[in-house]
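Sequence order for the protein chains is S and C. Take 1152 as the starting number for the first sequence in my numbering and just add one per residue. Take 1152 as the starting number for the second sequence in my numbering and just add one per residue.
Do not take every clue at face value.
Capping the alpha-carbon separation at 35 Å, the derived lysine-lysine pairs in DSBU-like fashion look like this [claimed, not checked]:
#, chain 1, residue 1, chain 2, residue 2
1, S, LYS1196, C, LYS1163
2, S, LYS1196, C, LYS1157
3, S, LYS1196, S, LYS1379
4, C, LYS1196, S, LYS1157
5, C, LYS1359, S, LYS1163
6, S, LYS1157, C, LYS1163
7, C, LYS1421, S, LYS1157
8, C, LYS1163, S, LYS1153
9, S, LYS1300, C, LYS1163
Hints in this document: simulated from the structure, not taken from any laboratory.
Chain by chain, the residues run as shown.
2 protein chains.
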Amino acid sequence: MKVIEKVSEMQKWSEAERCAGRRIALVPTMGFLHEGHLSLVREGKKSGDRVVVSLFVNPAQFAPGEDYGSYPRDLERDRLLLERERVDVLFHPPAEAMYPNGHQTHVEAGPLGRFLCGLSRPGHFRGVTTVVAKLFNIVRPHVAIFGLKDYQQFQIVRRMVADLHFDIEIIGHPIVREKDGLAMSSRNAYLDGRERGAARCLHRSLKKAALLVRQGEREAARIVSAVKEEIEREPLARVEYVSLCDPCSLEELEAVDGEALLALAVRIGKARLIDNTLLKA
Amino acid sequence: MKVIEKVSEMQKWSEAERCAGRRIALVPTMGFLHEGHLSLVREGKKSGDRVVVSLFVNPAQFAPGEDYGSYPRDLERDRLLLERERVDVLFHPPAEAMYPNGHQTHVEAGPLGRFLCGLSRPGHFRGVTTVVAKLFNIVRPHVAIFGLKDYQQFQIVRRMVADLHFDIEIIGHPIVREKDGLAMSSRNAYLDGRERGAARCLHRSLKKAALLVRQGEREAARIVSAVKEEIEREPLARVEYVSLCDPCSLEELEAVDGEALLALAVRIGKARLIDNTLLKA
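Turn these sequences into a full structure, and let the hints steer you where they fit.
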């Protein structure tokens, strides 16, 4: 596996691969890899001839006071995991290369960035779209793989790709869960033993909602209430939001009719955890 | 000359040319071409093996009430002019292709977009950076040529290219002037005979400033006053701004020391005209 830190070297490598007729798949990550990331890499192996994994903890998507400084990092372990998956390139640029002196241009997500996590994390999706646009221009992939745990991010990136005419296919890959249902996340590392137990309430609440819909419930307010109730039965958990919304526009729904996205964010200890599921009426 | 209207066809053409080892130069225009544009095309011929001229009157860079609807258009004449210059591709997409349904992503220029024309045209540079990012992703040039009459636009595009890591060289091409000094512009078509005569005051005022600096004047306030005075001697002209600023940051200067940009915008009849020059102390 090649490890590339320089932007120009990455661009050169990609141009040569493209012109040799090879299809490049990109898996953008912030590192501290888990099975969820590795499943994206495997999807990348299927959809491209070459897989590039980028590892960059993007300062622009963290607000002051968020966990940029304490975000877990372990480059050596990540490198070994990616070697084992036979990744072709690990792109690992320093922050100064990604945000050159005098940096001032941003890519702004539109209304899609204002719902759900956008409400409590203003500026977050602007940071995401900006860094993803950079990565797309540097790696120039044919296809990029995003995990559906960050469902809103996936939709925003898809929108950006269409709007700015990036010639890139965006694939959303299903959430990978621990045995007890907790969605895999680098931030699960923040949880101590008791909190880890408490975190099972996220998936439990999603399953409860799915059951309600299967039993015929259609009213969004009642489903959202039931989900909140389920989470709040767990004393260590604080609900940030629970939203039942249109899977494309992310606008809140009054009733489930066809497909609906149930998305939530919950704080447990130092961790802010998100999860979601598609409900079908 | 190939005329391409479809985004995907343009992308395909460019990828094939790149992979054949040919260097692509892009000249982005809003059409109604004049000698200024054609000099950009000739610069493009020198800097690339293939020249693509895009012709798109970009609605997003006009505010409501500005001249989007009346902006002069003459596709047939433009086509002939470009044929004659042996341009390889005229890329002429319809607005629905450039702004697909549900469009909501924008590229935001930072502080550079707030000075000069940014003050009186809020949103203008956001429209410019957004459409230029689109064009770069569609045409994928190695080099792009911009006219220096739109000096602020040139600096903003350069900044965007550095910040978003577009692998593209940006060339600024000197202003082309009519015999009497008026900078060529598609908007000169708005001027009637008397107004056309009056418009000579822009270049005259720039020359006056250069003379003052050669004579030893360094104080910005005095130079700006002299420029305004020169323009205001012309009864048909209304100064929108006159600014003496740093050529890179566009921040206003108190004194000329080294290189300074003198930039101005003037309204004459229905036309809003801009011009600039670099002053050297």
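Against the structure, the hints come out as follows:
no. : hint                     : verdict
1   : S/LYS1196 with C/LYS1163 : holds, 24 Å
2   : S/LYS1196 with C/LYS1157 : holds, 31 Å
3   : S/LYS1196 with S/LYS1379 : violated, 39 Å
4   : C/LYS1196 with S/LYS1157 : holds, 31 Å
5   : C/LYS1359 with S/LYS1163 : violated, 48 Å
6   : S/LYS1157 with C/LYS1163 : holds, 28 Å
7   : C/LYS1421 with S/LYS1157 : violated, 50 Å
8   : C/LYS1163 with S/LYS1153 : holds, 29 Å
9   : S/LYS1300 with C/LYS1163 : holds, 33 Å
In terms of the numbered hints stated before, the structure departs from hints 3, 5 and 7, listed from lowest to highest.
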